[in-house]
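Engineer: Based on these hints, arrange chain B with the ligands on the given structure of chain A.
These protein sequence lines map, in sequence, to chains A and B.
So the first sequence is numbered by my numbering: it starts at 1 and just counts up by one.
So the second sequence is numbered by my numbering: it starts at 1 and just counts up by one.
Just so you know, the hints here were simulated from the structure itself, not pulled from any lab data.
Everything numeric in this text was worked out from a predicted model, so none of it was measured.
One or more hints might be untrue.
Computed Cβ-Cβ distance ranges for the label pairs, DEER-style [stated by the list, open to error]:
| hint | chain 1 | residue 1 | chain 2 | residue 2 | range |
| --- | --- | --- | --- | --- | --- |
| 1 | A | Asn199 | B | Phe54 | 44 to 50 Å |
| 2 | A | Glu536 | B | Gln21 | 55 to 61 Å |
| 3 | A | Gly125 | B | Gly247 | 52 to 58 Å |
| 4 | B | Ser162 | A | Pro158 | 28 to 34 Å |
| 5 | A | Arg425 | B | Asn317 | 49 to 55 Å |
| 6 | A | Asn199 | B | Lys365 | 23 to 29 Å |
Cβ coordinates follow ideal geometry from the N, Cα and C atoms, glycine included.
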Amino acid sequence: MLKRENIRIPVSQQALIVEKPIDTTTIGGTVTIQINEKKVSVPFGTTILDACKENQIHIPTLCHHPDLCIAGVCRICVVEVEGLRTLQTSCSFPVTSPIKIHTSTEKVRKARRHIIDLLLSEHYGECYSCFRNGNCELQSLAKEYGVDGYSFGHILEPKYKVDKSSAAVIRDMNKCILCKRCVRTCIDLQEVGVLEAINRGHETHVGTFLDKPLADVICINCGQCINRCPTAALRANDPSDEIWNAIDDPKKHVVIQTAPSPRAAIGEEFGIEPGHSFTGELNTALRRIGFDKVFDTNFTADLTIMEEGTELLRRLKKAVVEKDSSVKLPQFTSCSPGWIKFIEHFYPEYLDYLSSAKSPQQMFGAVIKTFYAKESKIDPADIITVALMPCAAKKFECNRPEMNSSGFKDVDYGLTTREMAKMIREAGIHLPEMPKSNFDEPFGNASGAGLIFGATGGVMEAALRTVYELVTGREVPFENLRIESCRGFEGIKQASIKLENCVESYNFLEGVELKFIVAHGTANAKKVMEMLQRGELSDVHFVEIMACPGGCLGGGGQPIPTSEEIRRKRAQAIYEEEEGLPVRKSHENVHIKYIYENFLTDGPCGELSHKLLHTHYTKRGKYIS
Amino acid sequence: METTLKTSKKRTGPVLFSNYQQADGIKKAIELGRENILLELKNSGLKGRGGAGFSTATKWMLSAAANAEKKFIVCNADEGEPGTFKDRVLLLEYPELVFDGMVIAGFTIGAKTGIVYLRGEYEYMLPSLEGFLNNMKEENLLGKNILEKEGFDFDINIRLGSGAYVCGEETALIESLEGYRGEPRNRPPFPVNTGYLGYPTIVNNVETLASIPHIIYKGGEWFKKNGTDKSKGSKLFSVSGDCRKPGVYELQWGTKINELLDIVEAKNCKAVQVGGASGVCLPKSQFNRSLAYEDAVTGGSIIIFDESRNMLKILKNFMEFFVEESCGQCTPCRVGNTKLLEGVENIEKGEYTFSYINKLKELGKTMQAASKCGLGQSSPNSFISILDNFKEEIFYSNRKGIKNVKA
Ligand SMILES: Cc1cc2nc3c(=O)[nH]c(=O)nc-3n(C[C@H](O)[C@H](O)[C@H](O)COP(=O)(O)O)c2cc1C
Ligand code: SF4
Ligand code: SF4
Ligand code: SF4
Ligand code: SF4
Ligand code: FES
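Only chain A is shown next, with the shape it has when bound in the complex (with noise of 0.2 Å):
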């Protein structure tokens, strides 16, 4: 009945995993249940939670996500099954025999009462103080129950002091409930651990390794706790005050370049279902605030497909043609920040393996400072830069000591998709009502490859169709472009392309097979790292990692929440957007072309180009002195 091999650590928080039968139609593979007498047949293994949510039965949850194991710590999901002494939790509940169940009783009404009266009596603060009010699990579920007081007192002074050391996550234990969300992503999602349990009984609470900073620790700033937080306990570090103030500066020259990503999920911020993408509302949105230009991100990402393309190429020549074995393939992205502090902290002796180019947020920083401010005749002290990512770790990646290679800080702030939704809302806009607008010159609208880098395995479907067609002359041979081998949320994806009738200059790789693989979420990424110590990546010549699951569009600083549901939804909102944008190759986008003829004029991988848009990774350790 229970597959070992998929249980991963902790146990305790494991789920419970049934196999679900093949074919359910047949006898045996379901259960017939009663569920507040009314029968239904339910698959053999299917949770009481499922169960009643199939048959229109809601059960309130906090500790339970779908992205998560199974926790069954909060007991608020706790029904009565006929002839067992003690409520059970709904979500933890495999339905095996016929059970008869009863969602709604006195006994169950109360308990879920008691447990709200419980939590509350130890949650610091009010609601109208607090940055999730009005998109809190905890705040829903008091208004659900009608709780108008607290039954068991509640607490007056803060417990925990917050922590704020991180650039990218903000904890505040005085609002955790303790429901583990953040433990199960950080350990068992992202196979991270930076995140536990600490201590017994009264004293619990969630903390890092000795209850050190969250800076201090290897913490990789993806943020993926924080998406799945319930409460305020976890937040960004929020740089929006200082954003209001750079804007009221007439001084400044406020500039923002937005990522896919977020545009593909803003409108959730306002009550859009997902999968709706807001990029022209958004540009109209983002000038009414006060931004003086606002840029495509997407352009950065055509120049990082330029960049880590032709280094792929002259790795492969290398390997190929000069037969040099000390060059590293696979290559591995580097636009991931959470995955830069991750292979940092856990396999730092494969740094080489990283592609030395910088993310598409950090190219731009440096662009707008030397490039731009040069054309506009601005004065780079004068410019702030901000970038609006779907991302926690790019507020960490801003702040890295190296990213100044433009002699200033390349990105001065990095801001998450909600707190650019509070901004706009703060400011009096409602997003879905803006008229769309393009984005300003001189980098404009950049081509669809750009646009498609917010979903896994959009980087590696970028690079594809520019490598393939600078090594063959010839577009990448799949209708429209779609190179459906890097699309979908398979954890690691692996295929390859073959290289025939190349041009002159790329003679050497006639006949190759292009191999690469994509993953997604660190855990993946993981064992993608472990199949390279173990030598299996001999063959493989290009590697797209992607920190989050689902890649950017679920990165930590979108719209809460998230599922794998709401990830799909704006994966298609990427792709459909990306069909019908006109230049949907990086090499054809004509800005890209006209910045290596003005600027970048010894081309991708030149000397300029090294400076400003390639960096270098710094070897952590996983060791905390």
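Structural biologist: Just chain B with the ligands now, with coordinates in the frame of chain A:
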């Protein structure tokens, strides 16, 4: 403190402390074969002695039926319930019963490894217990092809607990064995299916396992003659508190509390805490109740309080214990216990209303129903029973002249 295993037995009793020669049970088990062992066990009606009282035969049958490449036998020697020390006596004085029981369990369900989860404070027993196990190995009662039975392999190793009460809860114990925080798991699945490292595992109390060799050697029928209709066999009681003769007693299930008080020579007894901190506190008027699964049940702990005791202080002690010992993972127990303790403190200060007290009792009921494990499910027992049974003293009489409770 005892530091060596005693070999000369001074104790007598109907079942556990009756005569037994090491290895007799194992030999008989081999003779009987697996199915007959299970039938014998079923016939005996043995229920778990660790507190929950689950049918041992059923537990064994479930894990015997489970299909897996490995299985484990775990002896729960965490003995953390306040006022319990009977497992210590068994391990020190009757290790052959406990270990033979484990070997028989291994034989019955097809487990090759037994683990004793020994309470951290019992570390001093380690050398002698290990010496005992070595002797068993030499006599081929452990190791490969035990007593020449082809394929009957079984070994026992001892692991030390780290002093958390909750680690006596079987799934928390398993977590702890696996090297994680001692937190109870969700159930289902149960350890008999998915236990240690995910394999079918029997977790039995020391006393349960110690009963096995007797049952197998002397028969379920013999065992059943002791006790009551619903509580077969005898029970070890750890008696402490205000009495002249505290200690471990083997008595028939069904013994009345009054009778027990006479045996241990308790005078002026006001209250008896049956089942340790997680048990219930009974007043004089209920001393005619029987100690049995169907009436006043205990894993062994009996704490006696005489007239000089302050019941509220006693309750406060218990609640402080739970506030600290809750593993902290689930809401009703983690926060609920602090609220109950707060209630006790408010009563102490005289700052309460009866509607507040009733609200706390209601909360206690939710904790009993909605907590994840036995700790939270039973921690309100003392709260509810002491406030109900000692209303007069706590709320109405002045408490002068009642001395502080000794720990
Ligand atoms: C908080 C808690 C502590 C427990 N401590 C012990 C213990 O110290 N020893 C023990 O044998 N059982 C203890 N138990 C009971 C075990 O969970 C389990 O039921 C028992 O080991 C099963 O063995 P049995 O069937 O032989 O009684 C405890 C249960 C709880 C909830
Ligand atoms: S976390 Fe939720 S419940 Fe708590 S104060 Fe904020 S909005 Fe209110
Ligand atoms: S940001 Fe990522 S690595 Fe850091 S604690 Fe959260 S989940 Fe773990
Ligand atoms: S920080 Fe948030 S996710 Fe983590 S346990 Fe607390 S409430 Fe849950
Ligand atoms: S009832 Fe208490 S000890 Fe048991 S799991 Fe819940 S918090 Fe932990
Ligand atoms: S949602 Fe089921 S226990 Fe928390």
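Engineer: Does 44 to 50 Å hold as the CB distance between asparagine 199 of chain A and phenylalanine 54 of chain B, or does it fail?
Structural biologist: violated (31 Å)
Engineer: Has the hinted range 55 to 61 Å been met by the Cβ atoms of glutamate 536 of chain A and glutamine 21 of chain B?
Structural biologist: holds (59 Å)
Engineer: Does the Cβ-Cβ separation between asparagine 199 of chain A and lysine 365 of chain B fall within 23 to 29 Å?
Structural biologist: Distance hint for asparagine 199 of chain A, lysine 365 of chain B holds at roughly 28 Å.
Engineer: Hint says 52 to 58 Å; check whether the CB-CB distance for glycine 125 of chain A and glycine 247 of chain B agrees.
Structural biologist: Holds, at about 53 Å.
Engineer: I want to verify a distance hint. Is the separation of the beta carbons of serine 162 of chain B and proline 158 of chain A within 28 to 34 Å?
Structural biologist: Holds, at about 31 Å.
Engineer: If I claimed the Cβ atoms of arginine 425 of chain A and asparagine 317 of chain B lie 49 to 55 Å apart, would that claim hold in this structure?
Structural biologist: holds (53 Å)
When each numbered hint is compared with the structure, a violation occurs for hint 1 only.
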